[in-house]
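*Asks:* Generate coordinates for the entire structure from the input sequences, incorporating the hints supplied.
Protein chains: 4
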Amino acid sequence: MSYARQILDTYPRTLDADDNLLAVAIDAISDCAQACQADTDADLSEQNLAEMVRCIRLCLDCTDICAAAGAVLSRLAEYDPAVTRPLLESCIAICHSCGEECERHAAHMEHCRICAEACRRCEQACRDLLETLK
Amino acid sequence: MSYARQILDTYPRTLDADDNLLAVAIDAISDCAQACQADTDADLSEQNLAEMVRCIRLCLDCTDICAAAGAVLSRLAEYDPAVTRPLLESCIAICHSCGEECERHAAHMEHCRICAEACRRCEQACRDLLETLK
Amino acid sequence: MSYARQILDTYPRTLDADDNLLAVAIDAISDCAQACQADTDADLSEQNLAEMVRCIRLCLDCTDICAAAGAVLSRLAEYDPAVTRPLLESCIAICHSCGEECERHAAHMEHCRICAEACRRCEQACRDLLETLK
Amino acid sequence: MSYARQILDTYPRTLDADDNLLAVAIDAISDCAQACQADTDADLSEQNLAEMVRCIRLCLDCTDICAAAGAVLSRLAEYDPAVTRPLLESCIAICHSCGEECERHAAHMEHCRICAEACRRCEQACRDLLETLK
Numbered sequence: 001m002s003y004a005r006q007i008l009d010t011y012p013r014t015l016d017a018d019d020n021l022l023a024v025a026i027d028a029i030s031d032c033a034q035a036c037q038a039d040t041d042a043d044l045s046e047q048n049l050a051e052m053v054r055c056i057r058l059c060l061d062c063t064d065i066c067a068a069a070g071a072v073l074s075r076l077a078e079y080d081p082a083v084t085r086p087l088l089e090s091c092i093a094i095c096h097s098c099g100e101e102c103e104r105h106a107a108h109m110e111h112c113r114i115c116a117e118a119c120r121r122c123e124q125a126c127r128d129l130l131e132t133l134k
Numbered sequence: 001m002s003y004a005r006q007i008l009d010t011y012p013r014t015l016d017a018d019d020n021l022l023a024v025a026i027d028a029i030s031d032c033a034q035a036c037q038a039d040t041d042a043d044l045s046e047q048n049l050a051e052m053v054r055c056i057r058l059c060l061d062c063t064d065i066c067a068a069a070g071a072v073l074s075r076l077a078e079y080d081p082a083v084t085r086p087l088l089e090s091c092i093a094i095c096h097s098c099g100e101e102c103e104r105h106a107a108h109m110e111h112c113r114i115c116a117e118a119c120r121r122c123e124q125a126c127r128d129l130l131e132t133l134k
Numbered sequence: 001m002s003y004a005r006q007i008l009d010t011y012p013r014t015l016d017a018d019d020n021l022l023a024v025a026i027d028a029i030s031d032c033a034q035a036c037q038a039d040t041d042a043d044l045s046e047q048n049l050a051e052m053v054r055c056i057r058l059c060l061d062c063t064d065i066c067a068a069a070g071a072v073l074s075r076l077a078e079y080d081p082a083v084t085r086p087l088l089e090s091c092i093a094i095c096h097s098c099g100e101e102c103e104r105h106a107a108h109m110e111h112c113r114i115c116a117e118a119c120r121r122c123e124q125a126c127r128d129l130l131e132t133l134k
Numbered sequence: 001m002s003y004a005r006q007i008l009d010t011y012p013r014t015l016d017a018d019d020n021l022l023a024v025a026i027d028a029i030s031d032c033a034q035a036c037q038a039d040t041d042a043d044l045s046e047q048n049l050a051e052m053v054r055c056i057r058l059c060l061d062c063t064d065i066c067a068a069a070g071a072v073l074s075r076l077a078e079y080d081p082a083v084t085r086p087l088l089e090s091c092i093a094i095c096h097s098c099g100e101e102c103e104r105h106a107a108h109m110e111h112c113r114i115c116a117e118a119c120r121r122c123e124q125a126c127r128d129l130l131e132t133l134k
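Protein chains in written order, with my numbering: chain A, 1 to 134; chain B, 1 to 134; chain C, 1 to 134; chain D, 1 to 134.
Treat the hints as calculated values from the structure; they're not laboratory data.
There may be inaccurate statements among the hints.
So the derived list for chain D, only partly shown, Cβ under 10 Å to chain C, looks like this [said to hold, decoys possible]:
| hint | residue |
| --- | --- |
| 1 | Ala68 |
| 2 | Glu78 |
| 3 | Pro81 |
| 4 | Val83 |
Glycine included, every Cβ here is placed at the ideal spot set by N, Cα and C.
*Replies:* Below, the structure written as structure tokens:
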């Protein structure tokens, strides 16, 4: 269990979500941000750069949106659905696009295969959480 | 005109938005992120901290969401409405809440008065841009 | 093993560091950034806010510096000691200060105890990595 | 004058620096982060991508380090030279490298010419500030 998850259990919150779904989402978002950051650099090391441009751009967007979503979900004590719900929707959309693009390269680029997995897991965790948020 | 705006004029993009609205939004988002970051620290210097907690939390969320929105809007060459639209909606919602909370303190805290102005300007710029995005 | 660590093993790099020390540092930095982000919000939920202000500020700095250090270390293919070394030194210094401050509250605040542990582990991992970097 | 600079004038701080040098540095850092973010995307739109890879990587590092430096400088009330000085040194080093690389492309890429200018201005502003910090 991550340090962040341990800390989140120690104080009150207004975000009324299933404990486990929330914790899984926070960790999946952090993992995905890291994976996309690393995949950006790995993509830049490839020979066929022109084919990787879309992947790089989606990874950059995914890194930044995951960073914001993770930060907002980690501040549990002031939950506003008008802020959090569209942010999760944006996160789901970029994880979906980025995961699909990485999947296209997965067969011949191990780093994209791993990043696709991180994106899909993050997309699913955010969907599961979003469904339970009122 | 900011360096970022000058750069954005030098290369092609898929985001089909009014040049001026886009540039205004990018600059307003950056200004708002900076203002909220500074206001967080100023709030923490106040005597009546208990009254400032909600303001601090909203400023932290506003900083992080503006950072993501500004980054995504600055990568113009790969526009996806499913990502950008909800991100702008989230940004509008947090700027609205943060601006209202800062406004409550504006009469006796100059830093909150300034931050409220930055939030309102950012909210409006994002609304104007969102309306023109298909 | 994190997705990021798996990806970092799949492509060449110029940063000539022990594989394991590097991987441990990247993961410890990410954990510490998340922990400090969560601890900031937990601190803001405490009754004795005045006593927590220094802790909140150090956690905010630690979050931001760890984010930069983690990002730079994840881009292995373009290593510049003039950039990376002082960035790690700054990261070590803030982890040390933040860890000490959290430690002061650890006996009666579980969230600060956990955050102190994350900071100390990150400080040590960055020290170990810095020693091996030429 | 930016909102952030206006806010910084409204509350006490421990960072004992010349007001103007500090304000200039904060604004130059923010401008540089934005410019590097935009230049990354512009670089990715170029035909000769292989020649731009180093520029992209340096812009990514510069964006992330400037973001951390700007955040730390904006929290004036808890200044620690052991944290801030090496962070500024790292920022100076990456602005120098990134500015030199952008300069190489400046003659035939307007976006790199503009980004080089933002990097040089930021490098100088950070040097000026660092000299005055005890």
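*Asks:* Using Cβ atoms only, decide whether Val83 of chain D comes closer than 10 Å to chain C, and label the hint accordingly.
*Replies:* 5 Å, holds
*Asks:* Given Glu78 of chain D as an interface hint, is its Cβ closer than 10 Å to any Cβ of chain C?
*Replies:* Holds, about 4 Å.
*Asks:* How about Ala68 of chain D: closest beta carbon in chain C under 10 Å, or not?
*Replies:* 4 Å, holds
*Asks:* Per the CB criterion, is Pro81 of chain D less than 10 Å away from chain C?
*Replies:* 9 Å, holds
Checked against the numbered hints above, the structure violates none of them.
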